[in-house]
Amino acid sequence: MCRLWLLMMIFVSCLTHASVNDDLYKALSMQKAFSADFSQQVTDSKHKIIATSKGSVAFDRLTPGFLMHTTDPDESVIMYKKDGIYFYDAFLNQLTISPVQAFFNSPFALILISDKKELDDYSIKYKDGSYTLIPKKKNADIKSFSLRFDDNVLKQVQAHMTSDDISIYDFINIKDSVDISALDYAFPDDAEIADDR
Numbered sequence: 413m414c415r416l417w418l419l420m421m422i423f424v425s426c427l428t429h430a431s432v433n434d435d436l437y438k439a440l441s442m443q444k445a446f447s448a449d450f451s452q453q454v455t456d457s458k459h460k461i462i463a464t465s466k467g468s469v470a471f472d473r474l475t476p477g478f479l480m481h482t483t484d485p486d487e488s489v490i491m492y493k494k495d496g497i498y499f500y501d502a503f504l505n506q507l508t509i510s511p512v513q514a515f516f517n518s519p520f521a522l523i524l525i526s527d528k529k530e531l532d533d534y535s536i537k538y539k540d541g542s543y544t545l546i547p548k549k550k551n552a553d554i555k556s557f558s559l560r561f562d563d564n565v566l567k568q569v570q571a572h573m574t575s576d577d578i579s580i581y582d583f584i585n586i587k588d589s590v591d592i593s594a595l596d597y598a599f600p601d602d603a604e605i606a607d608d609r
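Residue numbers (the working numbering): 413 to 609.
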């Protein structure tokens, strides 16, 4: 009897896991294109605010493309393209290009996934509109991250770092369309370039 009960619990647990994964994949798939303004707040392990920023973000799952433009307090750009990750620091006028794999260590990479199997790399829990994902493999930077949806629209991304800092991005002025030009950025010709690919 105990063995039967245990098997039933394992079966139900597997069904629940599959259901949560399916629900998250469905929610992500509905975000075919997205543009918004964001405000970011970073807190330390004692919940003290250590940084804030504002800007805009846009992505398109079909392209795929991603661009985050921080405008305050300092200007910077993160742009994902098939050939690399471009990070531009306006103050230094420096452009760093990293391998595409670097993008996949960020919570924003999940937004662009095309294969549901990629979610198998995470333990996923759902509560009150938020999906919390914990990497099954140890990640050097991230303990977990959360995606919160309201009415099937992505409203917040939160990353809990291994340093115990928590970075929260809240989105406003959300649109479900993106002009293709919003996924590109014209970097200054005189920018210092460090290509690490």
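These are computed hints drawn from the structure, not numbers from a lab. The beta carbon of each residue, even a glycine, is placed where N, CA and C say it ideally should be. One or more hints might be untrue.
Below, simulated SDA-like cross-link-like pairs (lysine to any residue); rule was C-alpha separation at most 20 angstroms, straight line [said to hold, decoys possible]:
| id | residue 1 | residue 2 |
| --- | --- | --- |
| 1 | Lys528 | Ile605 |
| 2 | Lys555 | Ser526 |
| 3 | Lys548 | Phe561 |
| 4 | Lys529 | Arg473 |
Each pair of labels, with its calculated beta carbon distance range [claimed, not checked]:
| id | residue 1 | residue 2 | range |
| --- | --- | --- | --- |
| 5 | Gln452 | Ser431 | 27 to 37 angstroms |
| 6 | Asp532 | Asp602 | 14 to 24 angstroms |
| 7 | Phe503 | Lys555 | 28 to 38 angstroms |
| 8 | Asn505 | Asp562 | 33 to 43 angstroms |
| 9 | Ser535 | Asp607 | 12 to 22 angstroms |
| 10 | Ser441 | Lys494 | 12 to 22 angstroms |
Tested hints:
{"no.": "1", "hint": "Lys528 to Ile605", "in the structure": "violated (35 angstroms)"}
{"no.": "2", "hint": "Lys555 to Ser526", "in the structure": "violated (23 angstroms)"}
{"no.": "3", "hint": "Lys548 to Phe561", "in the structure": "violated (23 angstroms)"}
{"no.": "4", "hint": "Lys529 to Arg473", "in the structure": "holds (16 angstroms)"}
{"no.": "5", "hint": "Gln452 to Ser431: 27 to 37 angstroms", "in the structure": "holds (31 angstroms)"}
{"no.": "6", "hint": "Asp532 to Asp602: 14 to 24 angstroms", "in the structure": "violated (45 angstroms)"}
{"no.": "7", "hint": "Phe503 to Lys555: 28 to 38 angstroms", "in the structure": "holds (30 angstroms)"}
{"no.": "8", "hint": "Asn505 to Asp562: 33 to 43 angstroms", "in the structure": "holds (39 angstroms)"}
{"no.": "9", "hint": "Ser535 to Asp607: 12 to 22 angstroms", "in the structure": "violated (36 angstroms)"}
{"no.": "10", "hint": "Ser441 to Lys494: 12 to 22 angstroms", "in the structure": "holds (20 angstroms)"}
Of the numbered hints given earlier, the model fails hints 1, 2, 3, 6, 9; all others are met.
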